[in-house]
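Given the coordinates of chain A, assemble chain B onto it according to the supplied hints.
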Amino acid sequence: MTGMTDEKKFRFAATLILAVVGIVALFPMVLLVVASFTDENELIVHGYQILPKKLSLEAYTYMWKQAPTIVRAYLVTIGTTAVGTSLSVLLTTSIAYPMARRCFKYRNVLSFFVYFTMLFNGGLVPQYIMWTTFFHIRDTYAALIFPNLLMTAFNVFLVRNYYTNSLPEELYEAAQLDGASEFGIFSKVVFPLAKPVVATISLFSGLAYWNSWTNALYYVRDPKYFGIQNLLMRIMKNIEYLRTGAAEMTAEGAAVTLPGNSIRMALAFVGVLPILIIYPMLQKYFIKGVVVGAVKG
Amino acid sequence: MERKKKKRVSNSTVSLFLIGLPGMVYLLINNYIPILGIFIAFKNFSYAKGIWKSPWVGLDNFRFLFITNDAWIITRNTILYNFAFIVIGTAFSVLLAILLHELGEMLRGKFFQSVLLFPHLLSWVVTAYLVYALLSSSNGFVNNTLLGGGGPDWYGKPAYWPLVLIIVYLWKNAGYNAIVYMAGIAGIDKGIYEAAKIDGAGKLRQIFSITLPLLRPTIIIMTLMAIGRIFYSDFGLFYQVPLNTGALYSTTQTIDTYVYRGLMEQGNIAMSSAAGVYQSLVGFVLVMLANFVVRKKDPENALF
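Chains as they are written, first to last, in the working numbering: chain A, 58 to 354; chain B, 14 to 317.
Extracted from the complex, chain A is given alone in its bound form (with noise of 0.2 Å):
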């Protein structure tokens, strides 16, 4: 009976502690959110708040006006991670099959091949000079997707371990008596197979896509090419030469032109909106993935 209580207690106890970090969590994204549906003035005069005294929709009818530049940056960034998460599946499910293969006689060298380059990189000099002067990758849709979002290690291995602990080999063997080929085994059976796993590199991947800022940061100045985070960033950036006092605007800064405070954080909002909206429909994916990986990268 005391054992009972002592449970409920406990459990009250927690249920009141992750009540407050969650709130915690949750609370600067509730106050960009407010802050975008308040009134300029109101926001110069008291800062950001959590119950403004006077709403606007200014910010949502200013970025309706804006429209055009607005919708480019955000069919910019669909678009890079449509075609990034696509390309990115199917590199990693391809290179993870013969990985998986026991009778590859190569797949240790291989699976090393993929494991090095989590231990040792080049750094971020010759990779930008190699980007840059032998691919001439600047200001192309090609560097907001190529550069090192493509294909990663820990992706590869998730695929892999996958493969290996869920197909068994009587499943190659049976599809080799039926004469299929390896193109065949991997199109046809493997791949069809491995969706839970493809449902998780592909919110991985597509959520590394929406959320890249650095490719665009290294490789991207002219504003034609400008996703959402990098408007985001360049806004930002043009508000901090202001308050520094700084007299020169860069020539990527000047395309932007700089909104008010409540503009900022609406579009900000809007940046974030579909993983808002995606998020709760995709979440236990990513949660197995996140556990399934981090117990054996």
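By construction, these hints were calculated from the structure, which means they are not laboratory data.
Quick reminder that beta carbons are idealized off the backbone N, C-alpha and C, glycines included.
The reader is advised that the hints may include incorrect statements.
[Claimed, not checked] Distance ranges between label pairs, derived from CB positions:
1. B/Val38 - A/Ala139: 48 to 56 Å
2. B/Gly259 - A/Phe248: 49 to 57 Å
3. B/Ala260 - A/Lys162: 55 to 63 Å
4. B/Leu176 - A/Ile334: 32 to 40 Å
5. A/Thr62 - B/Pro230: 29 to 37 Å
6. B/Phe79 - A/Ala237: 56 to 64 Å
7. B/Phe79 - A/Phe211: 29 to 37 Å
8. A/Val128 - B/Val295: 40 to 48 Å
9. B/Met301 - A/Ala139: 36 to 44 Å
10. B/Met277 - A/Thr126: 20 to 28 Å
11. A/Val102 - B/Lys123: 37 to 45 Å
Frame of chain A; chain B shown alone:
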């Protein structure tokens, strides 16, 4: 017959190789060519001359890097931040994991899991906006509402930033790490808790005598892996969140931001590439050492 079989095997080897080839080509370009490119750190590189014609300078770039104070500051910052993240982050994540596990399959347990994981899904650019909304001296929430109109100039004083960055790190990553530890707790045999209950052990006693000791291997592995990465920092955290503010460099500059700024903002490729190679080499040694220790303790969890 023998020949035919051999031929079929090698055929499938070729097919398997071809299936893996696109991925291999990508890694070759994206990861291996830049590794070969570390020789740039031993040259006085200029874009005009290109990588082949730029003159060799031996270890000069490294000498210049280590003469300055920079090398010391960026090494110190990178290691100290990682140290703080490991100690505080682990404690906090384990605590959250225990609490989340307690609520288990209950609806609110699932709900809190999603809520705590949410910050991890935001980009560093958006995170920088959120921190700005809180800390901006002109209209940030902290100064205007919490501190009633007063309060410090957060983006002007380096002394505040170790605290700010540690909090932002916890805010963004603790939920994610907690889920990893939760998986460890879920793996503990329920029978042990039942037995303890029969012996009259309360909840706290169970946590300290069962959960924590049995979670120790997971904690040790995660910590060792983090120690292996102690020479690397999250570029987004240290570049975006302080808004690349020059006045804050003394406490926000890490090896990664230093390499970026040298390359892109100051055109100081010599120092930048030297710092990059310094990071790669020391980082590599640390990863190998960490893995060596993991393998001695627990071969199951060794990375290779």
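Honestly, which of those hints from before does the structure not fit? 1
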